[in-house]
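Visitor: Let chain D serve as the given structure and place chain G on it in line with the hints.
Protein chains: 2
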Amino acid sequence: MSLIVQKYGGTSVGDVERIKRVARRVVQTKAEGHRLVVVVSAMAGETDRLLGLAAQVSDAPDEREIDVILATGEQISIGLLSLAIQQQGYKARSFTGSQVRIQTDTAHTRAKILSVEADRVQQALQEGAIAIVAGFQGVTAEDEVTTLGRGGSDLTAVAMASALKADLCEIFTDVDGVYTADPNVVPEARKLARISYDEMLEMASLGAKVLQARAVEYAKNYGVPIHVRSSFNMSQGTLVVQEDAEMEKVVVSGIAYNKNEAKITVLRVADRPGIAARLFGQVAEANIVVDMIVQNISQDGTTDISFTVPKADYPKAMQIVSGVAEEIAAQQVVGDDKIAKVSIVGVGMRTHSGVAARMFEALSRQKINIMMISTSEIKVSCVIDAKYGELAVRVLHDVFGLAEGAMVEERL
Amino acid sequence: MSLIVQKYGGTSVGDVERIKRVARRVVQTKAEGHRLVVVVSAMAGETDRLLGLAAQVSDAPDEREIDVILATGEQISIGLLSLAIQQQGYKARSFTGSQVRIQTDTAHTRAKILSVEADRVQQALQEGAIAIVAGFQGVTAEDEVTTLGRGGSDLTAVAMASALKADLCEIFTDVDGVYTADPNVVPEARKLARISYDEMLEMASLGAKVLQARAVEYAKNYGVPIHVRSSFNMSQGTLVVQEDAEMEKVVVSGIAYNKNEAKITVLRVADRPGIAARLFGQVAEANIVVDMIVQNISQDGTTDISFTVPKADYPKAMQIVSGVAEEIAAQQVVGDDKIAKVSIVGVGMRTHSGVAARMFEALSRQKINIMMISTSEIKVSCVIDAKYGELAVRVLHDVFGLAEGAMVEERL
Chain D
1 MSLIVQKYGG TSVGDVERIK RVARRVVQTK AEGHRLVVVV SAMAGETDRL LGLAAQVSDA
61 PDEREIDVIL ATGEQISIGL LSLAIQQQGY KARSFTGSQV RIQTDTAHTR AKILSVEADR
121 VQQALQEGAI AIVAGFQGVT AEDEVTTLGR GGSDLTAVAM ASALKADLCE IFTDVDGVYT
181 ADPNVVPEAR KLARISYDEM LEMASLGAKV LQARAVEYAK NYGVPIHVRS SFNMSQGTLV
241 VQEDAEMEKV VVSGIAYNKN EAKITVLRVA DRPGIAARLF GQVAEANIVV DMIVQNISQD
301 GTTDISFTVP KADYPKAMQI VSGVAEEIAA QQVVGDDKIA KVSIVGVGMR THSGVAARMF
361 EALSRQKINI MMISTSEIKV SCVIDAKYGE LAVRVLHDVF GLAEGAMVEE RL
Chain G
1 MSLIVQKYGG TSVGDVERIK RVARRVVQTK AEGHRLVVVV SAMAGETDRL LGLAAQVSDA
61 PDEREIDVIL ATGEQISIGL LSLAIQQQGY KARSFTGSQV RIQTDTAHTR AKILSVEADR
121 VQQALQEGAI AIVAGFQGVT AEDEVTTLGR GGSDLTAVAM ASALKADLCE IFTDVDGVYT
181 ADPNVVPEAR KLARISYDEM LEMASLGAKV LQARAVEYAK NYGVPIHVRS SFNMSQGTLV
241 VQEDAEMEKV VVSGIAYNKN EAKITVLRVA DRPGIAARLF GQVAEANIVV DMIVQNISQD
301 GTTDISFTVP KADYPKAMQI VSGVAEEIAA QQVVGDDKIA KVSIVGVGMR THSGVAARMF
361 EALSRQKINI MMISTSEIKV SCVIDAKYGE LAVRVLHDVF GLAEGAMVEE RL
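Line by line, the protein sequences are chains D and G.
Numbering-wise (my numbering), the first sequence opens with residue 1 and increments by one.
Numbering-wise (my numbering), the second sequence opens with residue 1 and increments by one.
Bound conformation, chain D alone:
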């Protein structure tokens, strides 16, 4: 008898009929003899409805009160799902973040989980009940309601799985797993049977929106195996697990693609300490998240700095950077929001050489110019002209043999 944590997102519990469907699926797992904890999000649209109400009464809503309001979304879901499961003749009991005691720091609307005391949930499981836990929410040491930020329900599920030493954390979503590339771009893309935490992290942060990066990180730190699968069918999804020797045989596991960034370059910046801090400090103050940063060696005591920001923040970022550029006597600021970032990801890169070179060669053969390059141990990202984005993904998918199952597929 295993202990399984399942997580269903807002779309899966979007209306009463879908809640009933989730209840049937939960009951089916329970009937197989497992102990079961189910984490749910707010019904799709509810969080936006609540934020809309708050926006109508306040121009700059206090985040403490926003959390009080938002936490109701998941509280309704857990109650309804418990009732739907009980209607099927099974025992179920709901728990808010406060009742579980998912303790967080005090950073309202984006709190970090500090600890999970799951005594009451354990108790419910021992009594044979299915425990239904509100995702996305926690409580501070002073009993203040907090929320974990968008996608926080994934994190709740992983944290519950870790606290309960669960055998598996199943994340049900609207895609049926992690693919070697976006199937909309590459029709031959294959579903991966397994992927390592680090690869998943790179995929998540590079734009594959299957799993929240923070949840993957938490799972990695605590060794929680995650199964990403579809809530609409019964097929096996992708297992996100510790990296093993088998995985290292595969050089590239997947191609990530992101066309929601823009690029800014500051030309001829004085190459002395403190300049970069000043530049990125002001950008950070405006809550703009900088992704890639590239700076090359200096010539004549000056250097060029390029970086990418989310496309939505591009106009604001250009304005800020132009201001700073003047202060620091840089020559010029140029920007481009018609770019795409294409990345190859794979733990095999740690042990295989020449992978980046193969990527650059493949792109150059198509006459695709590379504007920026950034690498990590298990990833190489290139910024290119937006119009070549999809072509680049297809070419790389082909070059690294992903369609043929270069990665050993395994059944769970």
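Honestly, the hints are just simulated from the structure, not real lab data.
Careful: at least some of the hints might be erroneous.
Stated by the list, open to error - Derived EDC-like pairs (lysine to aspartate or glutamate); straight-line CA-CA distance at most 20 Å:
#	chain 1	residue 1	chain 2	residue 2
1	D	Lys91	G	Glu63
2	D	Lys311	D	Glu217
3	G	Lys220	G	Glu243
4	G	Lys20	D	Glu63
5	D	Lys91	G	Glu144
6	G	Lys91	D	Asp62
7	G	Lys91	D	Asp59
8	D	Lys20	G	Glu243
9	G	Lys91	D	Glu63
10	G	Lys91	D	Glu144
11	D	Lys112	D	Glu142
12	D	Lys91	G	Asp59
13	D	Lys91	G	Asp62
14	G	Lys367	G	Glu327
15	G	Lys316	G	Asp337
16	G	Lys112	G	Asp143
17	G	Lys220	G	Glu246
18	D	Lys311	D	Asp291
What the hints assert, rightly or not - Per the computed footprint, the stretches of chain D lying under chain G, defined by three or more beta-carbons under 8 Å from a beta-carbon of chain G, are:
#	segment
19	14-23
20	51-58
21	61-69
22	93-101
Every residue, glycine too, gets a C-beta built ideally from N, C-alpha and C.
Guide: What follows is chain G alone, placed relative to chain D:
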């Protein structure tokens, strides 16, 4: 500087515009220099919407889960009202029943308040904030969410006022006070400046829906002065307070009127111990609340028992009673759902004699037949034919001189 508890019902916070209006009124009281705790209900319609969702997933919803779901209604209200008050430039902080620590017993959907620890609310007040408290909800010693039943927000307000030793508990509602009779029936009805807890209790239980009877009882036990007033205008309402010598000078303070009951009579019941217990035991098991019970002296070893039940429960009650009547070999069961109950209420009855006689005389002068009579220390109720109900109210209002201000009106 007084400490005031204000309570606004679901209609007063029914939409975003109304919440803003409540915020302005709250801020106005705060600006007068008072410390302020505001208790709010769920937005009008929200509780029914949530119950509707629950009914769609479950035939017989578990009351624990119902409470988890219902409690979200007030949680949204407190967050929105806090934000609306902050928007006016004032400090506000919201508290759920669990956060205040309104501790109740475990009777879900109709829990009783056991104690109120208001340390955190005190703290907020000391910091100059307006404390916004969720009405209608509490928490058990085991941290389970409970609700107090319909109208429970009045009770929350009174309990908060008691725990904080507030100077006044203001209940804002859609009527502007307590009247000598329903103004729809008696155009000359007068708003009472003051009424005693006991009178208010009789009025509440006799069908005047201004204040929840449980809230009045709690206020009486802990000596909390209540001011019932309109949320739509600034006029003084009615003060519900301890009875004093001035009040006793007035024989009748008000006329209560209830046309939502039906009458059942069991004829020729054997007059021996245990029979009444058996009859009313079975009615109670069906969750039917019996109001008046009248039994006269026996003749030939048998007696007649009459009682009233809510009109909605009348068919079910007739069915149950007919069954019992057969078991206990009663002669016959007769029922009538076309009745009205008219009552005179006043603490002055304790010290004045002949009040009931004056009532009976006034009714008989109009040829109104009295079917049942029931009295308490400060009340006389008569059940009459429904068609004479409004006439009876007007006649009694006149006979006891209520229009002329028999009760000494006082400004607050």
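Visitor: Would you mind marking each hint as holding or not holding in the structure?
Guide: Verification of the supplied hints:
no., hint, in the structure
1, D:Lys91 / G:Glu63, "14 Å, holds"
2, D:Lys311 / D:Glu217, "25 Å, violated"
3, G:Lys220 / G:Glu243, "10 Å, holds"
4, G:Lys20 / D:Glu63, "19 Å, holds"
5, D:Lys91 / G:Glu144, "17 Å, holds"
6, G:Lys91 / D:Asp62, "11 Å, holds"
7, G:Lys91 / D:Asp59, "15 Å, holds"
8, D:Lys20 / G:Glu243, "55 Å, violated"
9, G:Lys91 / D:Glu63, "14 Å, holds"
10, G:Lys91 / D:Glu144, "17 Å, holds"
11, D:Lys112 / D:Glu142, "15 Å, holds"
12, D:Lys91 / G:Asp59, "15 Å, holds"
13, D:Lys91 / G:Asp62, "11 Å, holds"
14, G:Lys367 / G:Glu327, "38 Å, violated"
15, G:Lys316 / G:Asp337, "13 Å, holds"
16, G:Lys112 / G:Asp143, "15 Å, holds"
17, G:Lys220 / G:Glu246, "18 Å, holds"
18, D:Lys311 / D:Asp291, "11 Å, holds"
19, 14-23, "holds (count 4)"
20, 51-58, "holds (count 5)"
21, 61-69, "holds (count 7)"
22, 93-101, "holds (count 5)"
Violation of the numbered hints given earlier is confined to hints 2, 8 and 14; the remaining hints are satisfied by the structure.
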